[in-house]
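Just so you know, the protein sequences line up as chains A and B, in that order. Once you know that position 389 of the first sequence is 389 in the working numbering, the rest is easy, because the numbers rise by one and skip nothing. Once you know that position 353 of the second sequence is 353 in the working numbering, the rest is easy, because the numbers rise by one and skip nothing.
One or more hints might be untrue.
Distance ranges between label pairs, derived from CB positions [said to hold, decoys possible]: (1) A:His-421 to B:Gly-376: 56 to 64 Å; (2) A:Arg-459 to B:Arg-245: 41 to 49 Å; (3) B:Asp-221 to A:Gly-190: 32 to 40 Å; (4) B:Gly-148 to A:Arg-459: 33 to 41 Å; (5) B:Ile-447 to A:Arg-438: 39 to 47 Å; (6) B:Glu-68 to A:His-450: 47 to 55 Å; (7) B:Pro-192 to A:Gln-422: 34 to 42 Å; (8) A:Gln-71 to B:Asp-307: 52 to 60 Å; (9) B:Asp-307 to A:Lys-77: 50 to 58 Å; (10) A:Gly-363 to B:Arg-36: 48 to 56 Å; (11) B:Arg-36 to A:Lys-77: 33 to 41 Å; (12) B:Pro-192 to A:Thr-404: 50 to 58 Å.
No farther apart than 25 Å at their CA atoms in a straight line, the calculated lysine to any residue pairs in the SDA-like style are these [claimed, not checked]: (13) B:Lys-349 to A:Lys-453; (14) B:Lys-234 to A:Arg-466; (15) A:Lys-349 to B:Phe-266; (16) B:Lys-77 to A:Arg-250; (17) A:Lys-453 to A:Arg-466; (18) B:Lys-340 to A:Asn-289; (19) A:Lys-349 to B:Lys-77; (20) B:Lys-342 to A:Lys-453; (21) B:Lys-77 to A:Lys-453; (22) B:Lys-340 to A:Leu-233.
Think of the hints as simulated: they come from the structure by calculation, not from any bench. Yeah, the Cβ is synthetic: ideal placement off N, Cα and C, and Gly gets one too.
Read off the chains here:
There are 2 protein chains.
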Amino acid sequence: MRYPPLLTDLYELTMLAGYLEEGMAEKQAVFDLFFRKNPFEGGYAVFAGLEPALDYLEGLRFLPDELEYLQGLGIFKPRFIEFLREFRFRCRVTAPPEGTPVFANEPLLTVEGPLAEAQFVETALLNIINFQTLVATKAARITNAAAGAPVMEFGLRRAHGPDGALSCARAACVGGVRSTSNVQAGMVYGLPVRGTHAHSWVQAFPNELTSFRAYADAFPDSSVLLVDTYDTLKSGVPNAITVARELRDRGHELRGVRLDSGDLAFLSRESRRMFDEAGFPEVKIVASNELDEFVIDSIRDEGGRVDIYGVGTKLATCAGAGGGALGGVYKLVEVDGQPKLKVTSDIAKATLPGKKRILRALGTDGGMVQDVICLGDDDNPCGGDTVCDPCNPLQYTTIPADVTLHELRRVVMKNGCRTSHQEALDTMADRTALELARLPQGCLRHINPHRYKVSISGRLNDLRNRLIDQARRGG
Amino acid sequence: MRYPPLLTDLYELTMLAGYLEEGMAEKQAVFDLFFRKNPFEGGYAVFAGLEPALDYLEGLRFLPDELEYLQGLGIFKPRFIEFLREFRFRCRVTAPPEGTPVFANEPLLTVEGPLAEAQFVETALLNIINFQTLVATKAARITNAAAGAPVMEFGLRRAHGPDGALSCARAACVGGVRSTSNVQAGMVYGLPVRGTHAHSWVQAFPNELTSFRAYADAFPDSSVLLVDTYDTLKSGVPNAITVARELRDRGHELRGVRLDSGDLAFLSRESRRMFDEAGFPEVKIVASNELDEFVIDSIRDEGGRVDIYGVGTKLATCAGAGGGALGGVYKLVEVDGQPKLKVTSDIAKATLPGKKRILRALGTDGGMVQDVICLGDDDNPCGGDTVCDPCNPLQYTTIPADVTLHELRRVVMKNGCRTSHQEALDTMADRTALELARLPQGCLRHINPHRYKVSISGRLNDLRNRLIDQARRGG
Chain A
1 MRYPPLLTDL YELTMLAGYL EEGMAEKQAV FDLFFRKNPF EGGYAVFAGL EPALDYLEGL
61 RFLPDELEYL QGLGIFKPRF IEFLREFRFR CRVTAPPEGT PVFANEPLLT VEGPLAEAQF
121 VETALLNIIN FQTLVATKAA RITNAAAGAP VMEFGLRRAH GPDGALSCAR AACVGGVRST
181 SNVQAGMVYG LPVRGTHAHS WVQAFPNELT SFRAYADAFP DSSVLLVDTY DTLKSGVPNA
241 ITVARELRDR GHELRGVRLD SGDLAFLSRE SRRMFDEAGF PEVKIVASNE LDEFVIDSIR
301 DEGGRVDIYG VGTKLATCAG AGGGALGGVY KLVEVDGQPK LKVTSDIAKA TLPGKKRILR
361 ALGTDGGMVQ DVICLGDDDN PCGGDTVCDP CNPLQYTTIP ADVTLHELRR VVMKNGCRTS
421 HQEALDTMAD RTALELARLP QGCLRHINPH RYKVSISGRL NDLRNRLIDQ ARRGG
Chain B
1 MRYPPLLTDL YELTMLAGYL EEGMAEKQAV FDLFFRKNPF EGGYAVFAGL EPALDYLEGL
61 RFLPDELEYL QGLGIFKPRF IEFLREFRFR CRVTAPPEGT PVFANEPLLT VEGPLAEAQF
121 VETALLNIIN FQTLVATKAA RITNAAAGAP VMEFGLRRAH GPDGALSCAR AACVGGVRST
181 SNVQAGMVYG LPVRGTHAHS WVQAFPNELT SFRAYADAFP DSSVLLVDTY DTLKSGVPNA
241 ITVARELRDR GHELRGVRLD SGDLAFLSRE SRRMFDEAGF PEVKIVASNE LDEFVIDSIR
301 DEGGRVDIYG VGTKLATCAG AGGGALGGVY KLVEVDGQPK LKVTSDIAKA TLPGKKRILR
361 ALGTDGGMVQ DVICLGDDDN PCGGDTVCDP CNPLQYTTIP ADVTLHELRR VVMKNGCRTS
421 HQEALDTMAD RTALELARLP QGCLRHINPH RYKVSISGRL NDLRNRLIDQ ARRGG
């Protein structure tokens with residue numbers, strides 16, 4: 001799928017034209033993509049969207065009809081249109097792999113190269129990374145709540161447009177939700193596809209039992225029956241048990257039932273008991289209906305016996321406090337080797353200037369201790385060093401002596417070309433599970449989580465303070 | 001843009017296979033698409049997404065690679081794959097035009113035809129209509145708050161995936177937001193594209209004034225300068241005034257400035273005063289920064305002097321109470337001429353059975369008085385008739401005698417073909433503005449709006465009661 005170059009804000013094009021006009025297009029620039037608050041007021045985010053972003057950057061070309069359209073707008077000079085005809089992305093990109101836990105204020109993507117090119121890709125990168133990271137994070141929270149029970153994504157009908165649903169299924173997989181009802185996502189991304197049937201199936205037959213029999217006839221080895229059209233415990237489950245017996249007599253097994261309304265904790269316990277007593281301990285209980293991490297938490301707290309969770313709307317739309325959108329931004333941090341700062345009245349919103357690295361400090365048990373953002377190449381904070389809070393310069397802390405520091409990011413693109421092969425989604429999902437297990441436990445909490453420490457090195461802090469002073473003096 | 005047929009929930013395909021297996025594929029069925037709660041806890045919704053939905057229905061074809069993928073899943077019989085190869089949508093579709101105010105419980109789309117076809121399109125229709133109607137409604141609320149000042153959409157960077165942004169720009173236009181920063185949306189939908197520049201433009205130059213001059217050089221007749229990179233009133237506006245003077249000396253005029261942070265009511269008043277005093281009463285004040293209907297209301301309440309509002313995240317993600325997703329559903333209401341009901345323990349959630357029409361009662365002044373949902377062809381409620389609340393059968397009301405009743409919907413597709421040409425987006429946007437002006441004023445309120453009356457006819461109520469009784473007796 002081509003991400004069209006015109007799927008951008010007009011101002012990226014006008015700025016590009018302006019830089020060209022001013023002879024500034026080839027100045028060397030560095031941009032950072034980061035967010036200022038963890039999504040969902042949570043303790044972490046799961047980075048996602050890198051591969052689609054790299055696809056976009058590698059494939060960035062203006063087609064003749066797109067240039068013709070731009071020409072027709074009447075605001076661009078012919079010289080600029082000709083420039084666009086040959087426009088390619090040749091920058092260097094640094095990023096962590098997808099499935100890495102990341103935090104507010106950390107530069108996720110860093111883009112270095114000619115000002116014109118590095119600026120132009122802002123909107124598309126934000127569009128891709130913001131949404132995929134948001135969904136992967138929501139999916140990780142939901143997976144975490146499910147505590148080992150598989151989660152299926154079926155948010156297509158409430159997703160934001162056709163591709164919102166497709167991006168959602170992909171990013172949900174990075175976060176740990178490894179199957180989907182979305183058949184197109186199954187085809188495009190190789191995800192397992194899953195489904196049951198709708199209430200309308202039951203309504204289309206003279207009665208529920210007939211409808212269950214018909215479905216089991218059609219899919220004798222993969223039937224999951226929806227049992228709440230009339231009454232879950234009085235009608236749905238007993239009818240499903242009848243069909244399970246009939247299937248077994250013919251050498252098949254009912255796969256499961258789906259509960260889609262009512263008190264899911266209670267209904268799942270009762271359904272489990274009824275199936276167990278009838279001799280069907282293998283029949284799976286699937287639960288759905290506006291589930292999210294909080295509802296799943298409460299079902300488990302009350303001893304619910306759900307084997308598989310189906311999540312739709314709340315995942316696809318990333319609902320919840322601090323959800324809906326990840327507020328990622330893309331800021332200029334260096335031009336021509338000169339570090340740049342965007343000052344504001346709020347120190348917490350001042351950008352971190354210059355080219356930077358992120359070091360992740362791991363304890364002797366492999367657990368994540370803290371992250372340190374430091375300057376490019378010759379800034380090497382280590383255990384025992386004093387570092388400070390990027391949002392509160394008065395708050396200092398010391399890197400513990402017994403940690404090892406690891407580079408969080410690597411160069412993923414040079415001269416506009418990928419430096420390695422695409423990763424499989426399952427590899428990313430495995431990484432998410434592994435890396436989240438390294439987090440301090442309290443960071444995984446869904447409400448009022450522990451705040452993972454992200455600090456800036458002394459040298460980065462000094463640079464920022466110097467630039468803030470300069471800006472104040474310069475007015 | 002093709003909407004792929006596999007962009008659907010797996011269960012639509014398994015049900016289709018099941019209906020085929022059972023010899024039920026050709027049974028005549030009627031489905032209604034409706035929602036149960038107005039979005040944003042508001043007083044209305046603006047119907048949108050019909051034309052993209054009809055595009056999908058007309059173009060519905062399975063391509064060879066899609067069939068091959070389905071075959072490879074191992075759950076479908078070869079006969080079913082062959083059936084899909086010839087699968088077309090041949091149903092009749094009834095709907096209001098886009099831009100029509102609609103309300104909870106009203107059937108928006110009604111699809112009549114062979115059970116297999118009418119069922120299969122459920123997920124895609126919900127995906128398209130839910131999101132477009134949600135965005136059009138949010139856009140109408142924001143437009144309404146802006147009270148005549150133009151609103152620009154620039155939510156691309158926070159939208160849910162690439163196409164989420166494209167669908168958003170289209171639906172926002174239906175709702176009244178008639179320009180966008182999204183260049184692709186401009187090309188695809190013919191929308192006016194607008195933009196300014198980013199903070200990074202200012203940072204890339206030695207100082208703000210130089211950056212403003214450069215931008216004005218590049219776009220002497222269309223410059224809107226972003227004035228909050230350093231300090232809006234001390235630096236940004238004075239520098240913009242300098243550039244406005246320089247432009248005027250060369251025979252051009254500064255178009256406007258954009259305020260993107262701080263107290264927008266105060267800053268817009270002060271900026272207006274400064275430009276007026278400097279002799280630039282025509283320079284437009286554009287405001288942005290997490291705007292929605294509530295923020296715009298408050299800016300206007302405090303005497304803000306904003307000429308143009310730029311809305312992004314809150315529009316593109318449809319943020320806010322009752323937002324994020326429109327909970328549209330698609331329910332079977334008739335099979336083989338027999339009305340069907342989905343009963344639940346909650347009367348408010350029981351579906352409205354049978355084929356139905358919606359009549360809109362207009363007063364002598366053309367204002368909307370109430371809507372009445374009635375049965376198909378021979379149910380003709382009129383002034384003086386008693387009708388009742390669809391969610392509360394104890395609540396009766398009488399249609400006023402002096403109203404005229406108008407059909408809200410028409411047949412838009414017969415045998416899978418459109419019955420008329422596509423409408424222009426501007427026509428839809430004009431309709432939205434005109435029709436919302438007919439609503440009782442209190443329905444437009446953003447918080448605790450007046451609840452517009454939607455009733456069901458006596459005959460429809462009788463039918464529903466009869467079917468509820470039957471279901472109770474039948475168990």
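Status of the hints after comparison with the structure:
| no. | hint | in the structure |
| --- | --- | --- |
| 1 | A:His-421 to B:Gly-376: 56 to 64 Å | 59 Å, holds |
| 2 | A:Arg-459 to B:Arg-245: 41 to 49 Å | 43 Å, holds |
| 3 | B:Asp-221 to A:Gly-190: 32 to 40 Å | 51 Å, violated |
| 4 | B:Gly-148 to A:Arg-459: 33 to 41 Å | 53 Å, violated |
| 5 | B:Ile-447 to A:Arg-438: 39 to 47 Å | 45 Å, holds |
| 6 | B:Glu-68 to A:His-450: 47 to 55 Å | 49 Å, holds |
| 7 | B:Pro-192 to A:Gln-422: 34 to 42 Å | 38 Å, holds |
| 8 | A:Gln-71 to B:Asp-307: 52 to 60 Å | 29 Å, violated |
| 9 | B:Asp-307 to A:Lys-77: 50 to 58 Å | 28 Å, violated |
| 10 | A:Gly-363 to B:Arg-36: 48 to 56 Å | 51 Å, holds |
| 11 | B:Arg-36 to A:Lys-77: 33 to 41 Å | 54 Å, violated |
| 12 | B:Pro-192 to A:Thr-404: 50 to 58 Å | 56 Å, holds |
| 13 | B:Lys-349 to A:Lys-453 | 48 Å, violated |
| 14 | B:Lys-234 to A:Arg-466 | 22 Å, holds |
| 15 | A:Lys-349 to B:Phe-266 | 21 Å, holds |
| 16 | B:Lys-77 to A:Arg-250 | 19 Å, holds |
| 17 | A:Lys-453 to A:Arg-466 | 24 Å, holds |
| 18 | B:Lys-340 to A:Asn-289 | 22 Å, holds |
| 19 | A:Lys-349 to B:Lys-77 | 59 Å, violated |
| 20 | B:Lys-342 to A:Lys-453 | 52 Å, violated |
| 21 | B:Lys-77 to A:Lys-453 | 55 Å, violated |
| 22 | B:Lys-340 to A:Leu-233 | 22 Å, holds |
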